[in-house]
Structures are given as structure tokens and as C-alpha cells.
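Chains as they are written, first to last, in the numbering used here: chain Y, 6 to 116; chain E, 147 to 257.
Worth double-checking, as some hints may not be accurate.
Below, computed lysine to aspartate or glutamate pairings styled on EDC-like, alpha-carbon distance capped at 20 Å [stated by the list, open to error]:
#1 Y/K62 x Y/D88
#2 E/K163 x E/E225
#3 Y/K61 x Y/D23
#4 Y/K62 x E/E244
#5 E/K245 x Y/E59
#6 E/K164 x E/E176
#7 Y/K75 x Y/E20
#8 Y/K108 x E/D184
#9 Y/K41 x Y/E20
#10 E/K203 x E/E216
#11 Y/K64 x Y/D23
#12 Y/K61 x E/E244
#13 Y/K41 x Y/E22
#14 E/K245 x E/E225
#15 E/K215 x E/D202
#16 E/K164 x E/E208
#17 Y/K62 x Y/E22
#18 Y/K41 x E/E244
#19 Y/K64 x Y/E22
#20 Y/K108 x E/D205
#21 Y/K56 x E/E244
#22 Y/K41 x E/D184
#23 E/K203 x E/E176
#24 E/K245 x E/E147
Honestly, the hints are just simulated from the structure, not real lab data.
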Amino acid sequence: GQQVMQIPQYQHVQEGEDFTTYCNSSTTLSNIQWYKQRPGGHPVFLIQLVKSGEVKKQKRLTFQFGEAKKNSSLHITATQTTDVGTYFCAGQLGGNTPLVFGKGTRLSVIA
Amino acid sequence: EAQVTQNPRYLITVTGKKLTVTCSQNMNHEYMSWYRQDPGLGLRQIYYSMNVEVTDKGDVPEGYKVSRKEKRNFPLILESPSPNQTSLYFCASRRGNEKLFFGSGTQLSVL
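Excised from the complex, chain E in its bound form (with noise of 0.2 Å):
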């Protein structure tokens, strides 16, 4: 089944605790791309990949970082969280302008 796989549905961490959130997709696409959405702020997009090993920033990187080793994976890392990075997190993949395939999405909050 065609799918993007988040892991871990739900997290709860404390400021300054470094924290991975991974993406995987299984359809071979090259562009992959993480969103947070915040209530009444949409859709915000924080990293983009255009294919392995290139990456660039969205609206809203501040405070994150990606990688794109491999073309199936592209893991979010906070470094060191704080609180006003609680918010719900959506991984999506796509095959050239082709419609976005989503993840189920990650709650993080940040204590």
C-alpha cells in the first residue's frame, strides 16, 4: 500500500531534549517535505527536499533541521525544542507536481 509513515504519533519531551520525528514513504517520490499546523495558521512548510541529498528552507525552519540520505526518508530534527514548537506535524511526499501524499501526522509538545 502507497503510504508515508511518521513515527511517533504522539510525543511528549522538555525544552533542550534533542528529538528526531521520521518520515518514510514507500512510492519512490523525490520531493518530500515537512509542515506544522498551528490552529488559525494553516498549513505552514518548515523543510523541502527536492531528492537525496538536496534540502531547502520553507516559511518556518527556524529551529529545525532535516537530511535526505536516502530518497525514502527524511527524518525532523529539533535540536533543541522549546515550547512554541509544540505543534502538529505532517510529512508529505509527492511525484513531480503530482498531488501530495500526507503522513497521519506527529503531536509534539514541548513542556
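Just chain Y, with the same shape it has in the complex (with noise of 0.2 Å):
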């Protein structure tokens, strides 16, 4: 079935670093989510990339889908603490496929 991988599985940075997680998926996907997740709360949706070659920006956070439509990142400028949580990908092939989630990446922010 429909994979999507996503790394790295944990990432502790010093406030003030910059941040990446990376996904791809093992098929070409209609569009992809990202999700954020604070610690003991739920996922939040962050944003959706549609078009080949898309970059969304949300403040310190950019976000990029590849050409082929297979793989995503999301990149945090400048750290702040308010960054920690787990952030996920979701991917979905298309029509009203289930979103496919990655295992996510938890972030740590030390001050």
C-alpha cells in the first residue's frame, strides 16, 4: 500500500537553528498536509500543497512539494520554543483516498 516516510524521527535544536523535516512518498500524491502536534495535544492542521513545484510560506515556516509530487519539506527559520511539537506530513493519492500519514518528526527547542 501507499507509503510515506518521513525523517528525521527527532530533531533537538538550539533556539534560534533552523529546522527541516523531510517527507516522501512511495507514489505521486494528489496533495499533501502537514500537521502540527504540541506535546499531550492534538494534531493541527498547518497547510495543503496542491501544485508541482509549490512553496507556501507561514512566517518562519516554509513549505515546499516536489516536482514529481513525491516528496515535501518543511522548514522552520530561527527556532523559537513555541516550534516544539511533532510535525506531520499526510499524503493523499487523489479522489477520497484516505490522507496517509508519516511517523512524524518530534522537535525538541532548547533555550
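Two chains, two frames, some hints: make the complex.
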């Protein structure tokens, strides 16, 4: 079945350093979504990417969707303690197929 | 307020004692889904429903049942819980291929 691989599993950074998490799919995706889960909380939607090569920004967060629509990345510039949490990507093949989640990247930020 | 409501928030039970985790959404979403979250394994889909009276197995359906008799409700049933079903469970819903809205989660412990 469809798989979405996400790396790294964990990342520890000093506050102010940059952070990137990567997702790769075994198949071409129709779209990819990103979610953030704070410690003790539930996943919350961040963004959806649909177009090949798409790049979207939300303040210090930059999201990219690969040209082949098989990979995606989330980059955080100058991390802050408020960025702590687990970041998940979730890919969809198309139509009304379910989202397939990556295993997530847990980010720790040391002040 | 648009939300997905899960109950209970915490549940401790014993092996073999049937239990139900309720999930309700007030957004008139067609799609609803159950996930379990375990350390290092990310979010794994248990069952999903595209609409009333339509349910499908996800990646880890064994030991679980669901029903979708009304659009707003999607209960998760464990007929005979076992310790390997100890996990954090999330219900989610969405319209079409839009973002998922997650409930606050149910932490289940099966002794």
C-alpha cells in the first residue's frame, strides 16, 4: 500500500537554529498536508500543498512540494520554544482516498 | 464553535470488557476517521467512513468496530479489549479533501 516516509524521527536544536523535516512518498500524490501536534495535544492543520513545485510560507515556516509530487519538506527558520512539538506530513493519492500520515518528526528546542 | 468531540478523555479498563469511545462533529462533514497513536509509529488509521452507513478498514482494523448511523457520530467499539490496544486514540473529520479536524484524544489503558 501507499507509504509516506518522514525523516528525521527526532530533532533537537538550539533556539535560533533552523529545522527541516522531509517526507517522501512511494507514489505520486494529489496533495500533501502538514500538521503540528503540541505535547499533550492533538494534531492541528498547518497547510495543504497541491501543485507541483509549490512553495508556501507562513511566517518562519516554509513548505515545499516536489516537482514530481512525491516529496515535501517543512523548514522552520530561527526556531523558537513555541515551535516544540511533532510535525506530521500526510499525503493523499487522489479522489476520496484517505490521508496517509508519515510517522512524524518530534522537534525539541533548547533555550 | 466547529469541533470534534471525543469522550472519554481518559479510560482505564480490563481485558475483555467491552467499551465504546464516542466521537461527534458539528460541521456536517461527510468523512470521519479513527486513528491510534503509539510512540515511534505515528498516526495509524483504524477505520474511516465516507458517509452515513459507509465504513472501510484502515491500516490497523483488527479488534475494532465502528458504525456510522448518523452523519455527526462515529463511535469506536472495542468488543474485547486487549493490552496491545493501550494507546492514544484520535477521531477526525473533514469535508471533501480539505483539512482534518481532530478531537482532543482518548488515552486508553487496558490492564
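The hints, checked one at a time:
With a C-alpha separation of about 15 Å, the suggested pairing of Y/K62 with Y/D88 holds against the 20 Å cut-off. The straight-line distance between the Cα atoms of E/K163 and E/E225 is roughly 7 Å, inside the 20 Å bound, and the hint therefore holds. The suggested pairing of Y/K61 with Y/D23 holds, with an alpha-carbon distance near 17 Å, which does not exceed 20 Å. For the given pair, Y/K62 sits about 19 Å from E/E244 by alpha-carbon distance, which is consistent with the 20 Å threshold.
Straight-line distance between C-alpha atoms of E/K245 and Y/E59 comes to about 18 Å, which keeps the hinted pair within the 20 Å bound. Note on E/K164 and E/E176: the hinted pairing is violated, with a Cα-Cα distance of about 27 Å set against a maximum of 20 Å. With a CA separation close to 31 Å, the supplied pair Y/K75 and Y/E20 exceeds the 20 Å bound. A C-alpha spacing of about 10 Å is found between Y/K108 and E/D184, which places the hinted pair at or below 20 Å, so the restraint holds.
With a C-alpha separation of about 18 Å, the suggested pairing of Y/K41 with Y/E20 holds against the 20 Å cut-off. A hinted pair counts as satisfied when its Cα atoms are at most 20 Å apart, and E/K203 with E/E216 qualifies at roughly 18 Å. As the CA atoms of Y/K64 and Y/D23 are separated by approximately 13 Å, the hinted pair is consistent with the 20 Å bound. Among the hinted pairs, Y/K61 with E/E244 is consistent with the structure: their alpha-carbon atoms are about 17 Å apart, no more than 20 Å.
At roughly 19 Å between alpha-carbon atoms, Y/K41 and Y/E22 fall within 20 Å of each other, so this suggested pair holds. Between E/K245 and E/E225 the alpha-carbon distance is near 31 Å, which puts this suggested pair outside the 20 Å criterion. Distance hint between E/K215 and E/D202 is fulfilled; the C-alpha atoms sit about 14 Å from each other, no more than 20 Å. For the suggested pair E/K164 and E/E208, the alpha carbons sit about 15 Å apart, so the restraint of at most 20 Å is met.
Restraint check for Y/K62 and Y/E22: satisfied, since their Cα atoms lie roughly 18 Å apart, inside the 20 Å limit. A C-alpha spacing of about 16 Å is found between Y/K41 and E/E244, which places the hinted pair at or below 20 Å, so the restraint holds. As the CA atoms of Y/K64 and Y/E22 are separated by approximately 15 Å, the hinted pair is consistent with the 20 Å bound. A threshold of 20 Å between alpha carbons decides the hint, and for Y/K108 with E/D205 the separation of about 14 Å falls inside it, so the pair holds.
Proposed proximity of Y/K56 and E/E244 is supported: the alpha carbons are some 15 Å apart, at most 20 Å. A threshold of 20 Å between alpha carbons decides the hint, and for Y/K41 with E/D184 the separation of about 16 Å falls inside it, so the pair holds. Note on E/K203 and E/E176: the hinted pairing holds, with a Cα-Cα distance of about 16 Å set against a maximum of 20 Å. For the suggested pair E/K245 and E/E147, the alpha carbons sit about 16 Å apart, so the restraint of at most 20 Å is met.
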